[in-house]
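Quick note, the sequences are listed as chains D and A, same order.
If you use our numbering, the first sequence corresponds to residues 1 to 340, in order.
If you use our numbering, the second sequence corresponds to residues 1 to 340, in order.
A few of these clues could be false.
As the list makes no split between identical chains, a pair holds if one copy fits it or if it spans any two.
With a Cα cut of at most 16 angstroms, we get these calculated EDC-like pairs of lysine to aspartate or glutamate [what the hints assert, rightly or not]:
hint, residue 1, residue 2
1, K146, E105
2, K166, E38
3, K166, E237
4, K256, D303
5, K146, D112
6, K146, D67
7, K256, E269
8, K146, E6
Simulated from the structure, these hints should not be mistaken for lab results.
It should be emphasised that the depicted structure is a prediction, and the values quoted were computed from it without experimental measurement.
There are 2 protein chains.
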Amino acid sequence: MSDRNEVITMAHGSGGRAMQQMIERMFLSAFDNPWLNEREDGARLSLADLSRQGDRLAFTTDSYVIDPIFFPGGNIGTLAVCGTANDLAVSGATPAYLSCGFILEEGLPLSDLQTIVSAMAQTAREAGIAIVTGDTKVVQRGGADKIFINTAGIGVIPTAVRWGAKMIQAGDKVIVSGTLGDHGAVILNLREQLGMDLGVGSDCAVLAPMVAPLRALSGVHALRDATRGGVNAILHEFSEASGLGICIDENALPVKPAVRGICELLGLEPLNFANEGKLVVVVSAQVEEAVLAILRQHPLGVDAATIGEVTEHPQVCLRGALGVIRQLMLPHAEPLPRIC
Amino acid sequence: MSDRNEVITMAHGSGGRAMQQMIERMFLSAFDNPWLNEREDGARLSLADLSRQGDRLAFTTDSYVIDPIFFPGGNIGTLAVCGTANDLAVSGATPAYLSCGFILEEGLPLSDLQTIVSAMAQTAREAGIAIVTGDTKVVQRGGADKIFINTAGIGVIPTAVRWGAKMIQAGDKVIVSGTLGDHGAVILNLREQLGMDLGVGSDCAVLAPMVAPLRALSGVHALRDATRGGVNAILHEFSEASGLGICIDENALPVKPAVRGICELLGLEPLNFANEGKLVVVVSAQVEEAVLAILRQHPLGVDAATIGEVTEHPQVCLRGALGVIRQLMLPHAEPLPRIC
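Make a model of the complete structure from these sequences and hints.
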């Protein structure tokens, strides 16, 4: 499968021998685990094993259509594993199992697919997640753009963990786990061929190890990972679900200088930029310092900072550098399509 | 959302207001259920509820890229619900929860999406399946072909049910639940504009109600639904996984005259044609008649028939109309891409 000239053909999606061979040589060998090796059309997972870890299953899905498929800090495959694993982690779950559906464009180099699959396997392995079932479809040239990946994930939420936007209370603190907009800036720089030397890659990472110790604290109310739509989209989701407001302090936002530069150049707002490895955490004021300490202990959380607080008035606001407060609207559309 | 001139724009996939509004007005109202209405980025499912129904979770996924997206007997949405629900059912599980990931092409009429989403909602409701979490991405015109849908499914397998290709034994009977190749013939007729009056629609249907009573029988060894690759692909999967052979009797194959006609016209083989509502069941000879009786009691199983048996020699064979036995190969590729 490593011949550099080999490409995906319609036969690879046909249900015939060509597809069977690709599944065996590429997917089964990379994702190797007992569930997948059963070779049934679906995985069978022990409910006793799952129930030992908690009382609720978290179940989530995302499709990944990012363009370009390779970027500094990762590729569409690492994104497909990290993104769904992170959605599980922020619900309080330990990510356990992923499904994986590939839609491939005829003509995709097999070597590109191999690179993506290997990255998925490595990311999943490092995070202790098993890719247990999958599917491959091929569409004719021009019917899709290179490769789209869907992952759905299952994890278990420990009984004591009750996180959710509805738990948020006025006076809570809003914390982010690091610098904002790294992923968005990297993709924008590539896509628009700005040619800037950002000195930064996508922040694409599995957040579960950083989230896990937060589950032992009472006073943690809600978590989200701020991907498409940026931190701003999360703030609006939290505000709407809780019926409360959030006021953010512009001076407190951690933003890398290079990302700030690209935003100022183009008149864009890092709060709207996508991240792929950043938490937004809403906690009671009593545990604010404890949460910051836990986050900062982890390599992915060294820049963790409190950026604002929850207010009674149901509106998302930004206190600007000069102290002027303005309402922060959710844009009709994000500036950058196919960011994830 | 029902203005006939409205179409999907890049804003619908951006994570901004346009996407939130589409999710609320179209998906939340159609798929309405308590898990989805939580509005978290993922569903939370009670492990106690799941554990009451059995000891194993079945977890499976498929992406759907069928062309055309509307066809006699269904559309890409009905297919996306039926196909994944059926993969759960043939593992012995009661289908319970689905995730749903949409990849939409800019310019897709919103009315088409509404038709598809309504069909998904109705199919899921009829089958007692809840669509509990989802995702929407939009790619620019030409970056995808109208709409692709991924569904991942969760169901519970009752403790007593131990179906799997490895349970197959020599001497077992091979049963199909009805006529072969209806879906493939319908799509081929449409796609190649053959203009034949087949008098038949796709067989796209949820099979779980027909499968459920089989779970009470001992002697049922393995089930699959014969989709892409047709019954032939399933026979090869069974043969490979069990290390045994299967010999099929050509005279015993239930095929509708119109489907046989299209196959003879084009020199194709109904055994290789896709189905979307047909079971292949391998059972011990002792329960063959009981299984046929159960299948035939269900409207989807009136044409159920034994088509062959499992042999010691690890090869898939076809006994022709004149009694001559030949090896049945798995084709390198199916004749019809994007069949599901």
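Evaluation of the provided hints:
no.: 1; hint: K146 - E105; verdict: both (5 angstroms within a copy, 14 angstroms between copies)
no.: 2; hint: K166 - E38; verdict: between (41 angstroms within a copy, 9 angstroms between copies)
no.: 3; hint: K166 - E237; verdict: within (10 angstroms within a copy, 48 angstroms between copies)
no.: 4; hint: K256 - D303; verdict: within (10 angstroms within a copy, 67 angstroms between copies)
no.: 5; hint: K146 - D112; verdict: within (10 angstroms within a copy, 25 angstroms between copies)
no.: 6; hint: K146 - D67; verdict: within (9 angstroms within a copy, 18 angstroms between copies)
no.: 7; hint: K256 - E269; verdict: within (13 angstroms within a copy, 61 angstroms between copies)
no.: 8; hint: K146 - E6; verdict: within (14 angstroms within a copy, 28 angstroms between copies)
The structure fails none of the hints (numbered hints given earlier).
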